[in-house]
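> Single-letter residue listing:
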Amino acid sequence: MAVEGGVYRSWGRYPAVGNQRIFRLHDRFAALSISTEVQRVLPYGHGRSYGDVCLNDGGGLLHTRGLDRFIAFDVVTGVLRCEAGVLLAEILDLVVPRGWFLPVTPGTRFVTVGGALANDVHGKNHHLVGTFGCHVRRFELLRSDGERFECSPHESADWFGATIGGLGLTGLVTWVELQLRRIANPWIAGEVVRFHSLEEFAELSRAADGDYEYTVSWIDCAAAVGRGLFMCGNHAPALSAERPQVSHKKLRVPFTPPVSLISGLTLRAFNALYYRKQLAERTTAITHYEPFFYPLDGLLEWNRIYGPRGFLQYQCVVPVEGGLDLLHEVLGQIAASGSGSVLAVLKQFGDIPSPGWLSFPRSGFTLALDFPNYGERTLQLLERLDVIVRTGGGRLYPAKDARMAGDFFRQSYTDWERFSAYVDPQFSSDFWRRVME
Amino acid sequence: MRKVLIIGATSAIAEATARRFAAEGDALYLIGRRTERLEAIATDLKVRGAHAIACEAMDVNDVAAHSAAIDRAQAALGGLDTVLIAHGTLSDQAACQHSVTQTLAEISTNGLSVVALLTELAERFEDQGHGTLAVISSVAGDRGRQSNYVYGCAKAMVSTFTSGLRQRLSKRGVHVLTIKPGFVDTPMTAAFPKGPLWAQPDAIAAGIVDAIRKQRSVVYLPRFWRLIMWIVRAVPEPLFRRASL
Chain A
-7 MAVEGGVYRS
3 WGRYPAVGNQ
13 RIFRLHDRFA
23 ALSISTEVQR
33 VLPYGHGRSY
43 GDVCLNDGGG
53 LLHTRGLDRF
63 IAFDVVTGVL
73 RCEAGVLLAE
83 ILDLVVPRGW
93 FLPVTPGTRF
103 VTVGGALAND
113 VHGKNHHLVG
123 TFGCHVRRFE
133 LLRSDGERFE
143 CSPHESADWF
153 GATIGGLGLT
163 GLVTWVELQL
173 RRIANPWIAG
183 EVVRFHSLEE
193 FAELSRAADG
203 DYEYTVSWID
213 CAAAVGRGLF
223 MCGNHAPALS
233 AERPQVSHKK
243 LRVPFTPPVS
253 LISGLTLRAF
263 NALYYRKQLA
273 ERTTAITHYE
283 PFFYPLDGLL
293 EWNRIYGPRG
303 FLQYQCVVPV
313 EGGLDLLHEV
323 LGQIAASGSG
333 SVLAVLKQFG
343 DIPSPGWLSF
353 PRSGFTLALD
363 FPNYGERTLQ
373 LLERLDVIVR
383 TGGGRLYPAK
393 DARMAGDFFR
403 QSYTDWERFS
413 AYVDPQFSSD
423 FWRRVME
Chain B
20 MRKVLIIGAT
30 SAIAEATARR
40 FAAEGDALYL
50 IGRRTERLEA
60 IATDLKVRGA
70 HAIACEAMDV
80 NDVAAHSAAI
90 DRAQAALGGL
100 DTVLIAHGTL
110 SDQAACQHSV
120 TQTLAEISTN
130 GLSVVALLTE
140 LAERFEDQGH
150 GTLAVISSVA
160 GDRGRQSNYV
170 YGCAKAMVST
180 FTSGLRQRLS
190 KRGVHVLTIK
200 PGFVDTPMTA
210 AFPKGPLWAQ
220 PDAIAAGIVD
230 AIRKQRSVVY
240 LPRFWRLIMW
250 IVRAVPEPLF
260 RRASL
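Taken in sequence, the protein lines are chains A and B.
The numbers in my numbering rise by one with no breaks, and the one at position 374 of the first sequence is 366.
The numbers in my numbering rise by one with no breaks, and the one at position 77 of the second sequence is 96.
Please keep in mind that the hints were generated in silico from the structure rather than gathered at the bench.
Here the structure is a predicted model, which is why all the values come from computation and not from measurement.
Among the hints, a few may not be true.
[Stated by the list, open to error] Just some of the chain A residues that point at chain B, by a computed CB distance under 7 Å:
| id | residue |
| --- | --- |
| 1 | Y0 |
| 2 | H18 |
| 3 | F21 |
| 4 | F62 |
| 5 | I63 |
| 6 | R301 |
[Said to hold, decoys possible] For lysine to aspartate or glutamate, the following EDC-like pairs were computed, each having C-alpha atoms within a straight-line distance of at most 20 Å:
| id | chain 1 | residue 1 | chain 2 | residue 2 |
| --- | --- | --- | --- | --- |
| 7 | B | K65 | A | E169 |
| 8 | B | K213 | B | D229 |
| 9 | B | K65 | A | D85 |
C-beta: ideal position from N, C-alpha, C; glycine also.
Based on the provided sequences and hints, a complete structural model is requested.
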């Protein structure tokens, strides 16, 4: 195993951790030879989680991007097996031309399969198909003592449940087998509807859930009323009315500006404009799947716009019952603080349970926000939001968290104790140490 | 569909290049040292679209085995259009300075084995009168430097040998390509601190595929190394002697 140093950050660029040894993995058959000077290690994929679940200060990172081989793909059944460091983008490049698609995809395709499994990511179709982990057929887990488990819902089922959503703590996932979803072409027949209140959003969501595989909303959180755009779509039928192509030219944020470009002023202006980006209340269009699922992937390294101090993501889920009132309270707090979020995303999760014990999604409304890091001011706002979410019986998404209190985590993830017995004695993370304090 | 033989197929540059061949539906025959890794790569290339794929384990220093291995590749693919020779080890210069055995072993792996393979392949390609022999040399072969002149002299041998071979075989319609990568971020160079001069294996692979298509003679990859090495070669010896590169 190769060793090197260097600063590794998560996608939120907060916190920044320099004190980690990097072990780059290239061979899935090799044992984990963890040197004695490194106490604890943690798998690190493509660094797209936001907070500290992918960081391990004072320990080692097992960089998995070199485990990027496909192992099998059955074009008839759509079963794909690949090493854990393969990116979802690489899977799409391979399978879309052959009529298959990811069963579940998060808002960026630049994550590894192992990272998607470890964070049990969800997508716009959660209400119909559940999380990423619901479509994992099997995987191999390599423990630091050299033991290998082939895990599925039927074999080593406890390791299967602990590892899906297990934040990389149960060992190294070397390969994953997924069930893909059939498509006729790469196009999405989509619809965008403006809503003027959270109640209207809930009504749209209820009405669309049966008809649309994908639903998500953008919400203008500079305006406390809960207005926004409801976006939904389906894979286009074989005879698609239009066949838009996608540009492969990507823009990149070339450097990190000295201060965040997102301020109260730019934020209100952007939100107000975006809310009015379409003249009609309702529009329909056929788009390529890339802009539909991954609008931000077109702007490489967009996280730089928040400046050197980075930003904090906040994603909560609250129960349907009483959920809208909680969201009103949350939006009220944010509007009052003046430090709103550009990309406020709202969605109603379905009730399909994940096999993962520590999986985040559950039936209810989920709201995802990002805040430029203004230090104490931002942290205090997020703590006020915690009180609202916690009182309402909600919880936060570890993949996006860098600061929730340990007792909040332990109270809201009731399986944590059962899970902790499955943590590899040589694995740990900044997140895990923080919430176990 | 090309029929491609890759020697040193588990190297990062070779694997990245093979993926580009596979995506174009080429038929591939892989030779490397470690069977398990070869098979993992072969399976991956099959999934990525390789028309046909086979592999075998061989130690390039076992010169007596070369001819039969090439025969098997030729038989499996039904001929050979392109050969990529990509194997190599990054010599531990300090250790070589204290060990004749290690110095000669490095020169054998990085230089002599390539000469042996090319001698065998040149005969066949001269007879068939078409095809490409693409060989990975290195910028290190352009001038001996105190930090890696053992590796460098083996690569100089490869560069010089391919230069002569190119002259000989071009008259028979055979293309000989000398590839000189600079610093590449691979498992072989994992111990080095990385700076802005470092390139990813896939960028090198793109350059190799392009150079084969355009029938180039000598390519520096990335291309700015041509300028850097021109300067390194131009430094007068009295000055070069005092430097520590």
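> All hints, please: hold or fail.
Structure-based check of each hint:
no., hint, verdict
1, Y0, "violated (13 Å)"
2, H18, "holds (5 Å)"
3, F21, "holds (5 Å)"
4, F62, "holds (4 Å)"
5, I63, "holds (6 Å)"
6, R301, "violated (25 Å)"
7, B:K65 to A:E169, "holds (17 Å)"
8, B:K213 to B:D229, "violated (26 Å)"
9, B:K65 to A:D85, "holds (15 Å)"
The structure is inconsistent with the numbered hints 1, 6 and 8, although it conforms to all the rest.
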